[in-house]
Amino acid sequence: MKGTSVYVNGKLVGFHPDPKALVQAIREKRGEGKLPPDMSIAYYPDTDEIYINLDAGRAMRPLIVVKDGKPLLTEDHIKQLKEGLISWNDLVRKGVIEYLDAEEEENAYIAVTEDELTPEHTHLEIHPALILGVVASVAPFPHHNSSPRVTMATAMLKQALGVYSANFNYRMDTQMHIMYYPQLPIVQTKQTKFIGLNDRPAGQNVIVAIMPYQGYNIEDAIILNKAAIERGLLRTVFFRTYSDEERRYPGGQKDRFEIPRPEIYGYKGEDAYKHLGDDGLAYPGREVRGGEVIIGKTSPPRFIEEVGELSLLEEKRRENSTVVRRGEEGVVDSVMITETTGGNKLVKVRVRAVKIPEIGDKFASRHGQKGVVGLIVPQHDMPFTADGITPDLIMNPHAVPSRMTVGHILELLGAKAGSLAYKLVNATAFEKPNVEWMRKVLKAYGFRPDGKEVLYNGITGEKIESEIFIGPIYYQRLKHLVSLKMHARARGPVQILTRQPTEGRAREGGLRFGEMERDTLIGHGAAMLLQERLLKESDEVEIPVCKKCGVIAIEDHIRKKTYCPICGGTDVYKIKTSYAFKLLLSEMMAMGIYPKLLLEDKA
Amino acid sequence: MSPKRRECLKKGVKVAIMSKNVEKRVELIKEYEGKLPKKVIEDALKIAETTKMKDLKKTMERAVEEYQKNLIQPGEAAGIVAAQSIGEPGTQMTLRTFHFAGVAELAVPQGLPRFIEIVDARRDPSMPIMEIHLKEGIREDKGKVIEFANRIEEVKLSDIAKIEEDFTNKQVIVVFDMKKLDGIELSFDEAKKIVEKNARRKAKEVGDNYLIFEPGFSTLKSIRGFKDKLAEVRLRGVPGIRKAAVLQEPDGTGYYLQTEGTNLKGVLVLPEVDASRVFSNNIREIENVLGVEAARNAILIEAKKVLDGQGIKVNPRHLMLVADAMTYDGEVKAIGRQGLSGQKASVLARAAFEETVRHLHEAAMTGEVDYLKGVTENIIVGQPIPVGTGTVKLIMKLGED
Chain A
21 MKGTSVYVNG KLVGFHPDPK ALVQAIREKR GEGKLPPDMS IAYYPDTDEI YINLDAGRAM
81 RPLIVVKDGK PLLTEDHIKQ LKEGLISWND LVRKGVIEYL DAEEEENAYI AVTEDELTPE
141 HTHLEIHPAL ILGVVASVAP FPHHNSSPRV TMATAMLKQA LGVYSANFNY RMDTQMHIMY
201 YPQLPIVQTK QTKFIGLNDR PAGQNVIVAI MPYQGYNIED AIILNKAAIE RGLLRTVFFR
261 TYSDEERRYP GGQKDRFEIP RPEIYGYKGE DAYKHLGDDG LAYPGREVRG GEVIIGKTSP
321 PRFIEEVGEL SLLEEKRREN STVVRRGEEG VVDSVMITET TGGNKLVKVR VRAVKIPEIG
381 DKFASRHGQK GVVGLIVPQH DMPFTADGIT PDLIMNPHAV PSRMTVGHIL ELLGAKAGSL
441 AYKLVNATAF EKPNVEWMRK VLKAYGFRPD GKEVLYNGIT GEKIESEIFI GPIYYQRLKH
501 LVSLKMHARA RGPVQILTRQ PTEGRAREGG LRFGEMERDT LIGHGAAMLL QERLLKESDE
561 VEIPVCKKCG VIAIEDHIRK KTYCPICGGT DVYKIKTSYA FKLLLSEMMA MGIYPKLLLE
621 DKA
Chain B
587 MSPKRRECLK KGVKVAIMSK NVEKRVELIK EYEGKLPKKV IEDALKIAET TKMKDLKKTM
647 ERAVEEYQKN LIQPGEAAGI VAAQSIGEPG TQMTLRTFHF AGVAELAVPQ GLPRFIEIVD
707 ARRDPSMPIM EIHLKEGIRE DKGKVIEFAN RIEEVKLSDI AKIEEDFTNK QVIVVFDMKK
767 LDGIELSFDE AKKIVEKNAR RKAKEVGDNY LIFEPGFSTL KSIRGFKDKL AEVRLRGVPG
827 IRKAAVLQEP DGTGYYLQTE GTNLKGVLVL PEVDASRVFS NNIREIENVL GVEAARNAIL
887 IEAKKVLDGQ GIKVNPRHLM LVADAMTYDG EVKAIGRQGL SGQKASVLAR AAFEETVRHL
947 HEAAMTGEVD YLKGVTENII VGQPIPVGTG TVKLIMKLGE D
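Each protein sequence line maps, in turn, to chains A and B. Residue 550 in this note's numbering is what sits at position 530 of the first sequence, and the numbering runs on without skipping anything. Residue 592 in this note's numbering is what sits at position 6 of the second sequence, and the numbering runs on without skipping anything.
Derived by calculation from the structure, the hints in this document are not laboratory data. Backbone N, C-alpha and C define an ideal beta-carbon position, used for all residues, glycine too. Not one of these hints is a red herring.
Between beta-carbon pairs, the in silico distance windows are:
#	chain 1	residue 1	chain 2	residue 2	range
1	A	456	B	895	50 to 56 Å
2	B	916	A	171	55 to 61 Å
3	A	130	B	941	55 to 61 Å
4	A	263	B	957	55 to 61 Å
Computed cross-link-like contacts, BS3-like style, restricted to lysine-lysine with a CA-CA straight-line distance of at most 25 Å:
#	chain 1	residue 1	chain 2	residue 2
5	B	959	A	616
6	B	959	A	556
7	B	655	B	621
8	A	616	B	930
9	A	594	B	959
10	A	567	A	580
11	B	983	A	567
12	A	567	A	616
13	A	602	B	930
14	A	568	B	959
15	A	568	B	983
16	A	178	A	382
17	A	596	B	983
18	A	594	B	979
19	A	274	A	368
20	A	567	B	979
21	A	594	B	983
22	A	596	B	979
23	A	596	A	616
24	B	959	A	602
25	A	210	A	178
26	A	567	B	959
27	B	742	B	756
28	A	596	B	959
29	B	979	A	556
30	A	472	A	452
Computed far set for chain B versus chain A, every beta-carbon distance over 12 Å:
#	residue
31	732
32	766
33	787
34	804
35	846
36	897
37	898
38	916
39	928
Extracted from the complex, chain A is given alone in its bound form (with noise of 0.2 Å):
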């Protein structure tokens, strides 16, 4: 066999003597309009292969067909799509205009602008900014940001909250946040529109000022106005979805939905069952609080009990049932019933709560610049411009400097004036900026052109002596939000087998003090309070040992008698160790081994 191998979609399909000829005749073909344009062809010379794909699932991109160092697209087709004679379709069709794929890409030699073509190049970028990809492409100005703060702007574009879904009021997330009034940004890429974003936006354009504020925007913390926050700025729902099942079990026993009745083995008490109808399910519409039920359900016993009483076989069934979270509140907003593909019947129930901002909910640009709410301050307290505007928002001007992120101020400039003149502003990558535009703009309106105002204080209503940068910059909520995340424990719930304090918020665990931070009690020889860290505020036991066996006595609470189970002795002494080193003690027993305590008098 000799030749190139082809390969169609993966699969080797013969041999040709001319790779070369092979490629360029149906890329030639494809240009015509004689092949499907997603059909892609690559020819690897190292390993003499032709990849021939036409599957679904590759993710192709348009690129401008270069002929000898210059573009097939010219004036004329751009004339010729402006009146509306041709069409983007038209422009593939001829072959101007070309899709491939990755695959393809390696053969091919493509320029990022018009000016740097070349003979050698294959294709031109339609326009630079293209060599983003989807989140991206979003971020405004990203040519005038340190690429670190583009990087991280990308990656909180994807954690704001807005309206992710057209359908969202007819979906079961298990959670879900939904933003109440949620705007276009004045200043966007040109992008923004055909990835849809301007459908369905995620953040809002906020007033911001970037100064000081009594110290409580120190480390990237951001002021909001207590007055924007309460006409409903960044505010969004929350939807939380709890499910449950009606399971079958061996033996012909199932679940319920049901309200529980008292005698249930588990009863959690009238009250909690307060919500639930007859179905055993939340009313919609019913504000729940933590620990309440919204799915009521009893399980069969999990052994088979003894037979009762008069020999009949009595069916103690046990509380299943689901509790809305600990610390979460909110309104049972809707109540899904339907089938698992095993067919058991199926429960949803949704519930929805409003999350205004709050200190130390988290915020943020689209330039990387992040911040936690430090303070909510009434309107009367924000600093105020002679207009008698008060800011939304303040950002501390230490954010910006170290990181470089002029695309910030370029945003704040730009959109004071795209607000001013009523119209959108660009801000795509590798444009220039326009900013002698702005600059007479907000001239033409009566500002300063630097962007800058003069500000008084609120409290005391002083100016403030130096003129403070004021505008207009998108921000998003960020979906971390501390109500989620916060959490602290004094006495809870302890592990059964270790009797150790839990693990995790929704356990209501404990903060573990690990074994760096012991090194640390050691290092400074504190004694002490390492032995309350570790084992008063643990698991802590008082235990009954034999003095003679050093083996665990027996205390029988009945007969008031502690004894060895040894020697049956009494001379027994209690000491106070770690449960944990009591089971230590037990499972070395299992295993075989004998740990015999030597007891000693407490120096």
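Keeping the supplied structure of chain A fixed, place chain B upon it in accordance with the hints.
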């Protein structure tokens, strides 16, 4: 310092030696033996001649004061503090090994990989290196140093000759590369003698650049073995020294050697070598040749070198503790499972570290007793640790006569 003396110093005039009562001052310093470390006493003796009695007494008192201030308290958790003091800046160490193109230096692993090597007490470092300083009279002359370097570089027969086996005639043929042989300043006859001596038999046939051996073996395996043995015959140099680079002493007083491959024993006996300044980075070798004390110092020096190379400042006392912990029982052992942590006296501490079940089983079979003297054991059973405030115990009991 008197204004007069200060003037003397400024002008560069040697400070007048106060020979009067020197003995008395020396006596005074000697009184402090035991109160101060040896090094301080030595330093004090150096200034005895030039310092007034009154000043000297003040200085010594002050030294004692400072010394006592710097002693740690009983019950101080020196180990943990040392571990943290090395560990924290250690997080900044890079894993990279630097190479410098065109510099006559050897690619020694630096940073974390080397530090791990030291602490693990590896039998062979990944790049064994020796520094050989020469005696006066040789070290100044670059030519002589290079000549010496060539002499200690190990040259094997396989380096300068082609060795082939001829199974049909059951012979092994050694063909010398005469140029290379000349390069190591060895005549063919001398080389022949050495090879024959090592082969323990005479060559059957001698050409003008080749030797033919007939070892008298018949199996393929034994002939091949003989050939391999011949290849390893050392014609010159110290075994284990693969390469020797000549470098200038940093103080410019001459030249010294840096070698790839170490052989302390082989180098120390050479008459040209200043034996007091030979250094190897192979800690186990130092232990074998010079003893644990030297090994302890080597650990200290090597660890310090790594940290200095990374620009990390750690109080050397922490490193001393590490070196002491690795050597205190008379032999170098690693920090880790096979070494320090694996040899802890307490069963519970060992079980907590690694291989829990194995340690518990072994302890059970031998009837081990844990006296709860260490930190880990006491944390496990829930007692105060015997460190810091936990070292204090109440001896008197109330209510007893």
